[in-house]
Amino acid sequence: MQLYPSVRNFERSFILQNKGSHCSIFPPDLSALTLHILAMAFMFCDHLWATLAGDAWWLTGIGRLAFPMFAFFLVEGFFHTHDKKKYCMRLLLLAILSELPINLMYSGLLFYPFHQNVIWTLLTGFLCIWAMDTLRKKCPVWLWIPAILLLSVVGYVLATLLMFDYYGEGVLTVIVFYLFHGKKWWQLAGQFAGLYWINVMLLAGMQIPLQLFGHAFEISEQGLALLCLPLLWCYHGRQGAHNRKIQLACYAFYPVHMLVLGILSKLIFSSIP
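When we follow the working numbering, the leftmost residue of the sequence shown carries the number 2, and every step to the right adds one.
Note that these hints are calculated values from the structure, not bench results.
Quantities reported herein were computed from a predicted structural model and do not represent experimental measurements.
Don't take every hint at face value.
Unchecked claim - Now the in silico label distances, taken between C-beta atoms and shown as ranges:
{"hint": "1", "residue 1": "L93", "residue 2": "L213", "range": "40 to 48 Å"}
{"hint": "2", "residue 1": "W143", "residue 2": "A205", "range": "28 to 36 Å"}
{"hint": "3", "residue 1": "K138", "residue 2": "L110", "range": "40 to 48 Å"}
{"hint": "4", "residue 1": "H116", "residue 2": "W143", "range": "38 to 46 Å"}
{"hint": "5", "residue 1": "P114", "residue 2": "I146", "range": "19 to 27 Å"}
{"hint": "6", "residue 1": "L213", "residue 2": "R245", "range": "47 to 55 Å"}
{"hint": "7", "residue 1": "V257", "residue 2": "W58", "range": "22 to 30 Å"}
{"hint": "8", "residue 1": "L162", "residue 2": "I247", "range": "34 to 42 Å"}
{"hint": "9", "residue 1": "W186", "residue 2": "H116", "range": "36 to 44 Å"}
{"hint": "10", "residue 1": "T135", "residue 2": "T161", "range": "20 to 28 Å"}
{"hint": "11", "residue 1": "L213", "residue 2": "S271", "range": "23 to 31 Å"}
{"hint": "12", "residue 1": "A217", "residue 2": "V142", "range": "15 to 23 Å"}
Glycine included, each C-beta is placed from N, C-alpha and C at the ideal position.
Construct the complete structure from the given sequences, taking the supplied hints into account.
See below:
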C-alpha cells in the first residue's frame with residue numbers, strides 16, 4: 002500500500018531544499034519505497050498472526066510498527082501531492098475495495114460490520130489534517146489551536162464509533178505526524194511523545210513479561226510501535242524507485258494479501274474436525 006503520490010519531478014528540489022535539515026544522528030538514507038516495503042512486511046506479519054499463526058505472538062509484536070509508518074507517509078503525501086481531492090478519492094476507492102477482504106480475513110464472512118479496514122482510518126486522518134491546514138492558513142493562532150482540538154475530537158469519535166482499524170487513536174497518530182512534521186529536535190521529540198501517549202497510554206494492549214538483571218517487569222506490546230521511529234528518521238525525502246506499476250502493486254498489496262490470508266484461513270480451519 003503506497004501512500005506517497007507520484008512526485009518524481011519534485012524529488013530533486015525537495016532534497017536540495019532540505020539538505021541542511023537532516024538530523025546528523027540518523028545518517029542512513031532510507032527511501033520511501035524501502036520504508037513502504039518494510040511497513041508492508043510488518044503488516045503481513047501481524048495479519049499472518051491474526052489468521053494462520055496465532056501462537057507466534059512475536060509476529061503481532063513486529064506488526065505494531067506498520068501503522069505509524071503508513072500514517073507518516075500519509076502526511077508526507079499530504080504535503081507533497083498537487084491534488085488533495087484526487088488523493089482522497091484514491092484512498093476512498095482503496096477503502097471500499099478492501100472491505101470484503103478484511104471481512105473475510107477477520108471473520109470468514111463476506112459482511113462483518115464490527116471491524117473496518119485501516120484505509121478508512123487513514124482517510125479520516127487525511128481529512129482532519131486537511132481541515133487543520135486550511136484553517137491554519139486563514140485563522141489566527143488563538144483560533145487555530147481550539148480548531149485542532151475540535152477536529153481531533155471529531156476524528157477520534159468518528160473512527161471509534163464506526164470501528165475503523167486502530168479506532169480514534171489511528172486518527173490521532175496521523176495528526177501527531179502532521180503537527181510535528183519535520184526533522185528539528187523538537188519535532189522528533191513531539192513524534193516520540195505523541196506516539197508514546199497513543200500507543201502506551203491509550204492503546205496499551207497486552208503486556209509482555211521480561212526479566213533483566215534479575216528484575217521482572219512488563220512492557221506494552223503496542224508500545225513496540227515506537228521502534229518504527231528510528232527507521233522513519235532515516236528518511237530524508239528520497240522516493241527511490243517509482244513508476245506506475247510499483248505504485249499500483251503497493252496499493253494492491255493491502256486488499257490482495259488479506260484476501261489470500263482470509264481464503265487460506267477459511268480453507269485450513271474449516272477442514273479441521
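Verification of the hints:
1. L93 / L213: 40 to 48 Å: holds (47 Å)
2. W143 / A205: 28 to 36 Å: holds (34 Å)
3. K138 / L110: 40 to 48 Å: The hint (40 to 48 Å, Cβ to Cβ) holds, given that K138 and L110 are roughly 45 Å apart.
4. H116 / W143: 38 to 46 Å: holds (40 Å)
5. P114 / I146: 19 to 27 Å: violated (36 Å)
6. L213 / R245: 47 to 55 Å: Given about 49 Å between the Cβ atoms, the range holds.
7. V257 / W58: 22 to 30 Å: With a Cβ separation near 25 Å, V257 and W58 satisfy 22 to 30 Å, so the hint holds.
8. L162 / I247: 34 to 42 Å: holds (36 Å)
9. W186 / H116: 36 to 44 Å: Because 38 Å falls inside the window, the suggested range holds.
10. T135 / T161: 20 to 28 Å: holds (24 Å)
11. L213 / S271: 23 to 31 Å: violated (43 Å)
12. A217 / V142: 15 to 23 Å: violated (47 Å)
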